[in-house]
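Going down the list, the protein sequences come from chains A and B. Numbering-wise (my numbering), the first sequence opens with residue 6 and increments by one. Numbering-wise (my numbering), the second sequence opens with residue 6 and increments by one.
These are computed hints drawn from the structure, not numbers from a lab. Some clues are possibly wrong.
What the hints assert, rightly or not - Calculated lysine-lysine pairs in the PhoX-like style (CA-CA distance at most 25 Å, straight line): (1) K72/B - K186/A; (2) K72/A - K186/B; (3) K270/B - K222/A; (4) K315/A - K270/A; (5) K138/B - K270/B; (6) K222/B - K315/A; (7) K110/B - K222/A; (8) K110/A - K138/A; (9) K110/B - K97/A; (10) K72/B - K97/A; (11) K270/B - K270/A; (12) K72/B - K110/B; (13) K20/A - K72/B; (14) K72/A - K20/B; (15) K97/A - K20/A.
Unchecked claim - Incomplete in silico selection of chain B near chain A, CB under 10 Å: (16) A12; (17) I16; (18) P55; (19) Y298.
C-beta: ideal position from N, C-alpha, C; glycine also.
Protein chains: 2
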Amino acid sequence: MESASAAEALIPLFKLEKVLDQDQAGRRITLLGTVSSENALLTLERAAFPSSLDTIAALQSTLTNVKNLGANDIYAWYLANIQPSVFAPDLKINLIYPCTPAHIKKYSPQVTRVVSETPSVYRDYVRPYMQRKREEGRLNWVYNIIEGRTEQEDIILRQSTDLGNDREGFLLLPDMNWDRKTMGSLRILGLVERRDLWSLRDLRRRDVGWLRRMMEKIEESVEKIYGVERDMLKLYVHYQPTYYHFHIHITTTSHDPSATQATLKAFSLPNLIAQLETLAPECDSLGDTSITYTIGEASELWAEVFGPLKERRLPESSK
Amino acid sequence: MESASAAEALIPLFKLEKVLDQDQAGRRITLLGTVSSENALLTLERAAFPSSLDTIAALQSTLTNVKNLGANDIYAWYLANIQPSVFAPDLKINLIYPCTPAHIKKYSPQVTRVVSETPSVYRDYVRPYMQRKREEGRLNWVYNIIEGRTEQEDIILRQSTDLGNDREGFLLLPDMNWDRKTMGSLRILGLVERRDLWSLRDLRRRDVGWLRRMMEKIEESVEKIYGVERDMLKLYVHYQPTYYHFHIHITTTSHDPSATQATLKAFSLPNLIAQLETLAPECDSLGDTSITYTIGEASELWAEVFGPLKERRLPESSK
Chain A
6 MESASAAEAL IPLFKLEKVL DQDQAGRRIT LLGTVSSENA LLTLERAAFP
56 SSLDTIAALQ STLTNVKNLG ANDIYAWYLA NIQPSVFAPD LKINLIYPCT
106 PAHIKKYSPQ VTRVVSETPS VYRDYVRPYM QRKREEGRLN WVYNIIEGRT
156 EQEDIILRQS TDLGNDREGF LLLPDMNWDR KTMGSLRILG LVERRDLWSL
206 RDLRRRDVGW LRRMMEKIEE SVEKIYGVER DMLKLYVHYQ PTYYHFHIHI
256 TTTSHDPSAT QATLKAFSLP NLIAQLETLA PECDSLGDTS ITYTIGEASE
306 LWAEVFGPLK ERRLPESSK
Chain B
6 MESASAAEAL IPLFKLEKVL DQDQAGRRIT LLGTVSSENA LLTLERAAFP
56 SSLDTIAALQ STLTNVKNLG ANDIYAWYLA NIQPSVFAPD LKINLIYPCT
106 PAHIKKYSPQ VTRVVSETPS VYRDYVRPYM QRKREEGRLN WVYNIIEGRT
156 EQEDIILRQS TDLGNDREGF LLLPDMNWDR KTMGSLRILG LVERRDLWSL
206 RDLRRRDVGW LRRMMEKIEE SVEKIYGVER DMLKLYVHYQ PTYYHFHIHI
256 TTTSHDPSAT QATLKAFSLP NLIAQLETLA PECDSLGDTS ITYTIGEASE
306 LWAEVFGPLK ERRLPESSK
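Produce the complete structure using the sequences and hints provided.
Printed below as a string of structure tokens:
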């Protein structure tokens, strides 16, 4: 697609075949169809309202088909339409064309399962899976940042060995999903320098002091650089994470929480530290506890480990 | 508001004064204004898309002002408008009229704070606060259900003393926020019969067996009654909860997670059980750990406890 007008010309050519998925409380819909006989995915998403008073007033003046659904005392609720207006878009649209079967699978609805990972399931199946992922070289982009080869201009803070322990270094950089401007949706990524932590499973009782110092330093830095008060910052890690090098997600409480912050997926760092602090003596790390979390059926971990376990078959890593 | 047409007649009378709040990724906006010189709140919310193929095709045919924002390889993204159509509403609207200052406060944006509740802050300030709330009689509706006086027709399961222990009873009923039909948004409430558990803080190591049996029975019952596979069920509790009688929220993984499931607010039951199982010997309950969570600045707990603590003043309960 070379020009805006070429891209715009594709939209009327989209021939709808199937509603593939609908999410975000029904406000996003993904359609499968064709453009010039090739597969294409079209995603329609309700746009945000404009926020200026004048534009809202203009929008309000176009309300039509107002239909009352119910009323009780001082409360009433309705459905309505608005006239399209050039200064307030109704929709955001994404087009993928031509798209592959992999795209269609990615945008099809996926069943999410709750799995209970005991210490032995972790040791026998999940940790070997993590090791395979690490060996596939998927962490090169992380090492490139840590070793100073790429994205150095993005680094907000590099706290290297100067905490008196060469295993205490970490760095902060903007999350690639953040526009780096809107404070209400601030997202920062914290990457530790040490490479022996694959996930929260590797956090040990002896790491508590370091984790506390790191948390303190992250909050202090983000407060200083972005002016967000530290008691409005959320620090959490994912389990399962997308990649197996320990990293921390930092966002603010003014962010509407979504799936990425959901229980059974996001584990808050301060509560993990509290758990480590009150861990039974026979446990040395969070690898010695059961962890319950959600994963998609389309994930490799489901296909290779938890799907087979559910059917009482041996997972792949043990074959 | 006596009739639909009377309610509909109010909408054109709304005089916009101020944008009070905008959330849900910008797709909901709350407006403060007046109707006939009295305060009114108008909430505009982007409606869900229709899901039938024909309606989507009709909607697609009305796309106008398609403006390409960018393109890269097979990906392109746009803004656009659609023509209003009687079979697909663009908006949901709520009107509160006349509204009070309390309504305006409730719908104004609220700062959310992250607080760290140590065992001593819990013991000295938060538990006394909980006790005051319990004494205000706010739990009567819970006791009415447990003792069989109200909502008995709604009860899905009553597991009373027949588990061999008179402290093991609990019951399940649909959450009042669930329409009782849409399986994708299933929400069930689990209420324990015993009254000595105010919150997750009261869960003890000795409760592990009971909690596991209760979880098993809840999953089995919801699977049997609603046909939702048990590994698609999420069980979690809130801290702080809305009321101080221990209760469990049950929903499905097909539900888009929102703030009610967010980390630092929702604590998954299986992970709390795992934490209890690996708790250090000097701790008897989750009251002996630090818990970090989010609360709104407009909450009583912020006003009475955590706000004063932040400013190094004595919380109210100690005065």
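Verification of the hints:
1. K72/B - K186/A: This hinted pair holds, its Cα atoms lying about 24 Å apart.
2. K72/A - K186/B: The hint holds at about 24 Å.
3. K270/B - K222/A: holds (24 Å)
4. K315/A - K270/A: Holds - the C-alpha atoms of K270/A and K315/A are around 20 Å apart, at most 25 Å.
5. K138/B - K270/B: holds (19 Å)
6. K222/B - K315/A: holds (19 Å)
7. K110/B - K222/A: Violated - the C-alpha atoms of K222/A and K110/B are around 35 Å apart, more than 25 Å.
8. K110/A - K138/A: holds (21 Å)
9. K110/B - K97/A: Judged against 25 Å, a Cα distance of about 32 Å means the pair is violated.
10. K72/B - K97/A: holds (10 Å)
11. K270/B - K270/A: This hinted pair holds, its Cα atoms lying about 13 Å apart.
12. K72/B - K110/B: The given pair, whose Cα atoms are some 39 Å apart, is violated under the 25 Å limit.
13. K20/A - K72/B: Holds. K20/A to K72/B sits at ~19 Å (cutoff 25 Å).
14. K72/A - K20/B: The given pair, whose Cα atoms are some 19 Å apart, holds under the 25 Å limit.
15. K97/A - K20/A: Holds, at about 18 Å.
16. A12: holds (4 Å)
17. I16: holds (5 Å)
18. P55: Hint on P55/B: holds, closest Cβ of chain A at ~9 Å, below 10 Å.
19. Y298: holds (8 Å)
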